[in-house]
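Student: Okay, here's what each chain looks like letter by letter:
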Amino acid sequence: MREFWSSSIGKKIAVGISGAILVAYLVLHMVGNLNALYGAGDGDARVDDYAHWLREFGEPLLPHAFVLWVVRVVLLCALVVHVTGIVQLRRRAAAARGPHKAKPIGRSLASRTMVVTGVLVLAFVVFHILQFTTLTIDVTPLREGAVYANLYWAFQKWYFVLIYVLGVCAIAFHLRHGIWSAAQTLGYVRPNRDRAIRSAATWGSIVIAAGFLSIPVCFWTGVLGAPA
Amino acid sequence: MRFTLEVWTQASRDEEGHFERYDVDGIDPDASFLEMLDELNARLAAEGKRTIAFDSDCREGICGMCSLTIDGQPHGPNQVTTCQTFMRDFEDGATIRVEPFRSGAFPVVRDLVTDRSALDRIVQAGGYVTTKTGPKPDPNAAPVPPAVQQKVMDAAACIGCGACVAACPNGAAMLFTGAKVTHFNLLPQGQPERASRARSLVLAMDAEGFGGCTNYGECARVCPQEIPLDVIGMLNREYRRGARREDDTVGTRT
Numbered sequence: 042m043r044e045f046w047s048s049s050i051g052k053k054i055a056v057g058i059s060g061a062i063l064v065a066y067l068v069l070h071m072v073g074n075l076n077a078l079y080g081a082g083d084g085d086a087r088v089d090d091y092a093h094w095l096r097e098f099g100e101p102l103l104p105h106a107f108v109l110w111v112v113r114v115v116l117l118c119a120l121v122v123h124v125t126g127i128v129q130l131r132r133r134a135a136a137a138r139g140p141h142k143a144k145p146i147g148r149s150l151a152s153r154t155m156v157v158t159g160v161l162v163l164a165f166v167v168f169h170i171l172q173f174t175t176l177t178i179d180v181t182p183l184r185e186g187a188v189y190a191n192l193y194w195a196f197q198k199w200y201f202v203l204i205y206v207l208g209v210c211a212i213a214f215h216l217r218h219g220i221w222s223a224a225q226t227l228g229y230v231r232p233n234r235d236r237a238i239r240s241a242a243t244w245g246s247i248v249i250a251a252g253f254l255s256i257p258v259c260f261w262t263g264v265l266g267a268p269a
Numbered sequence: 023m024r025f026t027l028e029v030w031t032q033a034s035r036d037e038e039g040h041f042e043r044y045d046v047d048g049i050d051p052d053a054s055f056l057e058m059l060d061e062l063n064a065r066l067a068a069e070g071k072r073t074i075a076f077d078s079d080c081r082e083g084i085c086g087m088c089s090l091t092i093d094g095q096p097h098g099p100n101q102v103t104t105c106q107t108f109m110r111d112f113e114d115g116a117t118i119r120v121e122p123f124r125s126g127a128f129p130v131v132r133d134l135v136t137d138r139s140a141l142d143r144i145v146q147a148g149g150y151v152t153t154k155t156g157p158k159p160d161p162n163a164a165p166v167p168p169a170v171q172q173k174v175m176d177a178a179a180c181i182g183c184g185a186c187v188a189a190c191p192n193g194a195a196m197l198f199t200g201a202k203v204t205h206f207n208l209l210p211q212g213q214p215e216r217a218s219r220a221r222s223l224v225l226a227m228d229a230e231g232f233g234g235c236t237n238y239g240e241c242a243r244v245c246p247q248e249i250p251l252d253v254i255g256m257l258n259r260e261y262r263r264g265a266r267r268e269d270d271t272v273g274t275r276t
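Those protein sequences? They're chains P and A, same order as listed. When we follow this note's numbering, the leftmost residue of the first sequence carries the number 42, and every step to the right adds one. When we follow this note's numbering, the leftmost residue of the second sequence carries the number 23, and every step to the right adds one.
Among the clues, some could well be false.
[Stated by the list, open to error] Taking beta-carbon pairs under 10 Å as the criterion, some of the chain P residues facing chain A (in silico): (1) Ser49; (2) Gly57; (3) Tyr79.
Derived from the structure by calculation, the hints contain no laboratory data. Virtual Cβ for every residue (Gly too), placed ideally from N, Cα, C.
Given only the sequences and the hints, what does the whole structure look like? Please build it.
Tutor: What follows is the structure, encoded as structure tokens:
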């Protein structure tokens, strides 16, 4: 295990697997979020019920919010492995390359900006948690459990809409290279699957981004109305 | 044709290098890049000046000895070896920057000559097959399916020039090492070491200080032998499988 983590390929594989866990969570999160599109409802928005269900999930077999916390711990572990692995690989690469940087010959913009988009995504996630999970950034009226109302009031502000659009675009850009790269690192890319995996990475990023963006855009444009 | 060259000049491994400017004219458009440098060196020698050191051997694109970074691109603009790069591919009057292959694992010996023996040490760690001495085996006694032959020949075409390393922003030798794994792990003759080969090669590769792959794909864009990026997928796959197996002999030299 120690040899695996200290080897360049082993560390890459760890970064790939942790990235895949984070992407899997993103898909679930995006699909769950789409519940907001059902609208305000008559006093109980569907997205509020969904948020409530997430906390009750597994009861009475499991304690309250148990699954939610398991997911949070797994995500935090995946994030730590992902970031630690990349930081160590970047340092190794800088030492291996030496002082003369390599001229870009044909590498994609997404592949070249992985560190930039990665840092942006991390900053965005911290902001997002402070706003909608811990309710620390309470510029707009925020109330625990009132997900629909919280979203509605937040996305009446143009600057919050802008932050979410930029954050989600950074995620999409990161995933466009990241999904294919993880598949290659884990050894799943073969010549006859290469094109399919590349377009899956592109379209997967677009679909994830579109799903997430539909919510701030619908609130901002007034498609989704005020809470009941 | 007339060119202005900015050539990396470095007296020895431990000294600082810098770019030196040279003007050359009367160059035949069909001269190779190396012949142009020969011409320049002949003129410099005739004037009693210091000549430029660079590597070359076969000059027909099969030995992997020539190793110039031309205008930032290993081997030059055409995805062929430096010796197969011709002056007609450049604009008349162009300023051309000539550097050695750049990588922390390839120390500069002098001017444009680098020490690429790190690649040889990777090969020593697993780029071979175990053969029995004794009577010659029957020809075709070990059948190899055509698809495997094709893939193996593509990988075995590697001439070990190191352009992949020089093109990599991470200074990785994954395309080179991947070519070795693809070459030996698919052939029947390579099966005795298959379980440990990827692991042995990666240990040696890391020990030489090469970086990790982040799938930029630059290596495959400069490889004069057109080794496909797929060999890195093969290396990753074989490493993942090999990592599960126990083999205490890996990493020990006998």
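Student: Look at each hint and say if it fits the structure.
Tutor: Going through the hints against the structure:
{"no.": "1", "hint": "Ser49", "in the structure": "4 Å, holds"}
{"no.": "2", "hint": "Gly57", "in the structure": "9 Å, holds"}
{"no.": "3", "hint": "Tyr79", "in the structure": "40 Å, violated"}
Hint 3 alone, counting from the list given before, is not met by this structure.
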